[in-house]
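Make the full structure from the sequences, and use the hints.
Protein chains: 4
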Amino acid sequence: MKAGIIGATGYAGAELVRLLSGHPAIDDMILSSVSFEGEHIESVYPNFLSRISAPLLSADAVIAAADVVFSALPHGIGEPFAKACFDKGVPYIDLSADFRFDDDEATFKAWYGKPYAHPELHALSVYGLPELNRKRVQALAGTGKAIIANPGCYPTGASLGAFPAIAKGLMKEVPSREGAAIVIDAASGTSGGGREPSRSFHYPECADSVGPYKVGAHRHTPEIARNCAAMAKQPVAIIFTPHLVPVNRGILSTIYIPLAAEWQAGSPDHSVIRPPAEAITNQTAKIRALYADFYRDEPFVRVLPDGVTAATNRVRQSNYCDISIHLDHSGSTLIVATAIDNMIKGASGQAIQNMNILFGLDERAGLEMIPAIF
Amino acid sequence: MKAGIIGATGYAGAELVRLLSGHPAIDDMILSSVSFEGEHIESVYPNFLSRISAPLLSADAVIAAADVVFSALPHGIGEPFAKACFDKGVPYIDLSADFRFDDDEATFKAWYGKPYAHPELHALSVYGLPELNRKRVQALAGTGKAIIANPGCYPTGASLGAFPAIAKGLMKEVPSREGAAIVIDAASGTSGGGREPSRSFHYPECADSVGPYKVGAHRHTPEIARNCAAMAKQPVAIIFTPHLVPVNRGILSTIYIPLAAEWQAGSPDHSVIRPPAEAITNQTAKIRALYADFYRDEPFVRVLPDGVTAATNRVRQSNYCDISIHLDHSGSTLIVATAIDNMIKGASGQAIQNMNILFGLDERAGLEMIPAIF
Amino acid sequence: MKAGIIGATGYAGAELVRLLSGHPAIDDMILSSVSFEGEHIESVYPNFLSRISAPLLSADAVIAAADVVFSALPHGIGEPFAKACFDKGVPYIDLSADFRFDDDEATFKAWYGKPYAHPELHALSVYGLPELNRKRVQALAGTGKAIIANPGCYPTGASLGAFPAIAKGLMKEVPSREGAAIVIDAASGTSGGGREPSRSFHYPECADSVGPYKVGAHRHTPEIARNCAAMAKQPVAIIFTPHLVPVNRGILSTIYIPLAAEWQAGSPDHSVIRPPAEAITNQTAKIRALYADFYRDEPFVRVLPDGVTAATNRVRQSNYCDISIHLDHSGSTLIVATAIDNMIKGASGQAIQNMNILFGLDERAGLEMIPAIF
Amino acid sequence: MKAGIIGATGYAGAELVRLLSGHPAIDDMILSSVSFEGEHIESVYPNFLSRISAPLLSADAVIAAADVVFSALPHGIGEPFAKACFDKGVPYIDLSADFRFDDDEATFKAWYGKPYAHPELHALSVYGLPELNRKRVQALAGTGKAIIANPGCYPTGASLGAFPAIAKGLMKEVPSREGAAIVIDAASGTSGGGREPSRSFHYPECADSVGPYKVGAHRHTPEIARNCAAMAKQPVAIIFTPHLVPVNRGILSTIYIPLAAEWQAGSPDHSVIRPPAEAITNQTAKIRALYADFYRDEPFVRVLPDGVTAATNRVRQSNYCDISIHLDHSGSTLIVATAIDNMIKGASGQAIQNMNILFGLDERAGLEMIPAIF
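These protein sequence lines map, in sequence, to chains A, B, C and D. When we follow the working numbering, the leftmost residue of the first sequence carries the number 83, and every step to the right adds one. When we follow the working numbering, the leftmost residue of the second sequence carries the number 83, and every step to the right adds one. When we follow the working numbering, the leftmost residue of the third sequence carries the number 83, and every step to the right adds one. When we follow the working numbering, the leftmost residue of the fourth sequence carries the number 83, and every step to the right adds one.
To be clear, the hints were calculated from the coordinates, so they are not data collected in a lab. Keep in mind that this is a model prediction, so the values were computed, not measured.
Because identical chains cannot be distinguished in the list, a pair is counted as satisfied if it fits within a single copy or across any two copies.
The calculated lysine-lysine pairs, modelled on DSSO-like cross-linking and capped at a C-alpha distance of 30 Å, are:
id, residue 1, residue 2
1, K315, K217
2, K170, K217
3, K191, K165
4, K170, K84
This is the structure we're talking about:
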């Protein structure tokens, strides 16, 4: 099978190239790049020398030759390529946000500033978070008319952490009323900002420091809310704050989910603050078991055992989403920590997972990397 | 004035030595160390060479000679020294947790595992968060009977971020009922773990990674709750999660405060998620002004202007607490980000600030460092 | 084939476990650990969860069951295990320094402080730097009496950078007389220090800083000198200085080789310093071609093209040694930069490469990782 | 005294602003910036908020009002400002390379690509490395015609490490013949690259990695060679290789100086490699003492005692140059390690030191920062 990658020289594109080069079902790759058309991928990424050599062509050349097309372009410019693939009958897996909002053009336009050029494609596309929509992706198999929107990095870690609590009714009132929002406090490594240099990612300005950004205004907010609502089958209040941390890869999401009364374990007396009592430990174990059961058949979600806490270095260079389960000291709020490698489960690895599902391959194919702690 | 430092070779002790060596009211320093007694401070910290030279003596020698004693010992072993200072009439400023809980021995014992040896001292000691208790510290001046408990690093950043909202009634119901907890999601640099090597702070295991620790079970939880309750004059529900980030210095706290209805600005419709509207921006500005007014006379709190977000590299090597004010996208929750240098405002700088207040000096004396962004 | 790993919970051991778990010829692994005997590897390294599960046994149990034994113990304690393997006829690949000095017991004792317990084994063992001794490793195949000393991390990067210049007579007089030493200035990531916490590798003391250590006194000095002498067939003067850099993985070696007169390209006039002239550029290209030719059949050495400089992030997580070729501004000294991943080509990957050679497998088996730039 | 800073918003300019704001002789600062003219310095550097507030004016406005002018512009554009200051009789301290080569226009032009516009100024300017040219700077005092070229960052650390060996005749033959070059292998933190974002300093591409750059072709090469020649009073062969390390501040230089026969201590037998014998330790101590004596009156050079090795975290945020003295294992080569904070002793601190000398102030004024190890 020939894989085409449009936008192969950005970080997500290059990571796709690296991962797909070891994929058992991929014989060949055809790459495009606007910035480096005419050069070779290994001159842009010398780490590929002696292993991957491919000319950087036009997007048209990619679409003409490929059996499956991945688009790793910036937001807002991929629709014509999606259309071309659709018309030609080639599956199109889009790593940008362009197709993540289905037919909700208003939300897309509000956050990304552009209307849909081809609304009919958005009506047909599938949001490819396998743990939510595996069957919908599978349903596209063989149709020759597949557009898959690969999820955003933050929404992947946030949604996977919240899903079991939402699905199993742990959360206080869904849809939430006042005070029952899910708070998602997340931290991303710098590769999430892409390959283009800027002040925010200039080493002396972001190394050895931590801070939030785009508070209350990050584009991944509606995507997370939409995913939670899809799981709840009704609106869910979410609050999302991203932070930048001096790390190359990884997203850590700490998710606060107010528990319904029957799931709480502690005392409502806030005037006495004590270390977690046994009742809280037991309730945590119960919820952990519930999470583990929810994800028991998922190849890339690991619900961590008691005593192990999610951290980005435990999923580094892998397609795993690690989840650790905790309660706050008072037993009233579930605290879920999730860790992913933002370049893999948060981007290119998940795109390959979607390809595997779409083509009926082993979902793990090409994604068998074991995390390296450093 | 002669400053004595018990436990001078730990990180907080050594930082005290460094800062006090430039303090206009300190002529001399007398240092002690259990681990390095008999050596000189500059052999333990060669960065001090040619600038600071002092033998490492016993704690008794420090108490005998000093006009003010700082204790930078681990938790649980300082009470005898406090007693000795008290009996001698020398002010004792304690950087450990030993005196942070006043007469609430039950809470101290529950979290730190030890009963009080001298309850009478705890009844008299003052928790030295100047922005909360400046007058109580001042009241100790000249009594010759001063024990000041220097606040914990996390509680400093968390409390300063929450205080104005609590004091001004922005928060939904105080004391909170279900669902109205303040969530404090905080990240600390590694120096917070002290000088003793351990796996958690071993470079290959914590560099290039981020993760939470002691979720629902960190000792600073009751201290934060107590501070918030002191400001609210009634219990406040708080949830606190610390994270470790690959940073040398700094604590970033992101604080989620559910707003009372009259302080909310947005729409309660969680099915439509939009970028923040002008009403939210305006409300944010109003709350920012309120915060700025609350701290208008504080020398070390900076409420940041619109467009500037708290980050640890903006307070690096200084005694400032920076605060930035935000609302979530829906306008229902106040999001306050605070940044401090954990070694300075979070430990040794604040201890000096307390000394300055106690001795009627300019509160800024010895603490005039301007932050270096790198 | 069953692989046994003695000392599986140190960094090199765990990296072996991770890499071997994907090796096509390895069906099973038997692991030992003194520190964690009785536990499972995935509880020590939770990054392995759901992928690798194995009990930690005794070294004897490993030797009894394995078809090949890797020893990742600290220096000085492995000889009894080597003897046991030798007697049983099981190949023993030693990642420590114990067998690196062949029959030169005096040098080993001088630097490592211990005499040989079994000198007869050292007489038979082979130093497994494939680019130097591939044929000697191959000659052990099938003998059932194989002890292979896996090279040190620094010696690997240093030797591979110097070999072609030495072998092809580029260097001024071999053996050198005064002034013609090869200077090797190298920098290592922190994982080279192993898993045991210590002050030197405590995050706040080594992050955001760089400095040399053990100047003129590092144990890898005699190993490098011996390798260079083996290539030169006479003694070679080398000077070696290691540095610690705040990096997880990787060794960068910058190697200064004084050129013989006929290989120099510039002017001997040191009173006029100019940017490199065309003659120097041309000479650099000529030497680069010579290096490329020297390594043309090596699967894991990449001589980088003009314009690409060796850096540790270009070999990250791979078994490559990258080499870039430069001349100083005056054209009198060859400057070779080499980069390896210290955990892979500098330790566990090279050990697997040795196993592959010894067992007649594809030398690349299990080592096909493509470097990730971050 | 009013200090003017042209180019105040680059890193060196902003560091000048920060340091001068605490200088006892500076009452006021007048700042210029081409990029941010019309804004205020504290909006470009919010870390200055509440402490430093100044409008960003034109360079002409700075020159018109200042009693001393610092220029922190990029290379090649400052001569007109130097001329204006000279004509007005205001001392001009230039942090760029423009005046570092005195009347050697050919060398400047060869490396920086521009001829001199005002050769007469270069004939009068002084290269302000105090440890070399203090008296020449002092001689400008009161003339009203002072142009001081502040040294480059690498040349500062390299020159200070080599000077005593050169001056005291430790080095093998000066000027060197073949094989007796001084090798300077140096590593810089990322702030040395300035504030402008670029791929080389983009966090994901330089974090967690180390590599050399501009090998044999860095502009600081002729400056180092010129300084060494000035000390030797004849040409000296130097070889200089810069590296980039993932550090914010600091330059570490490891300097290899071939010793004259009478200064060597070991054996010339390169076939036997042993740990350093007592003779070598003694010779090291002797050379260390010689270095200490050479710098005994220097306020900002610290020759470290036995057992302490130069590292950038020991000079962090200070104006010190630390020097540690070592011999290679064979006793034939002196290895000197020097560490500076590239922003302070390597740029803005040294500029203030020059101002202090020129104006007859205490040379330490405004530069009394004690290094912080983190």
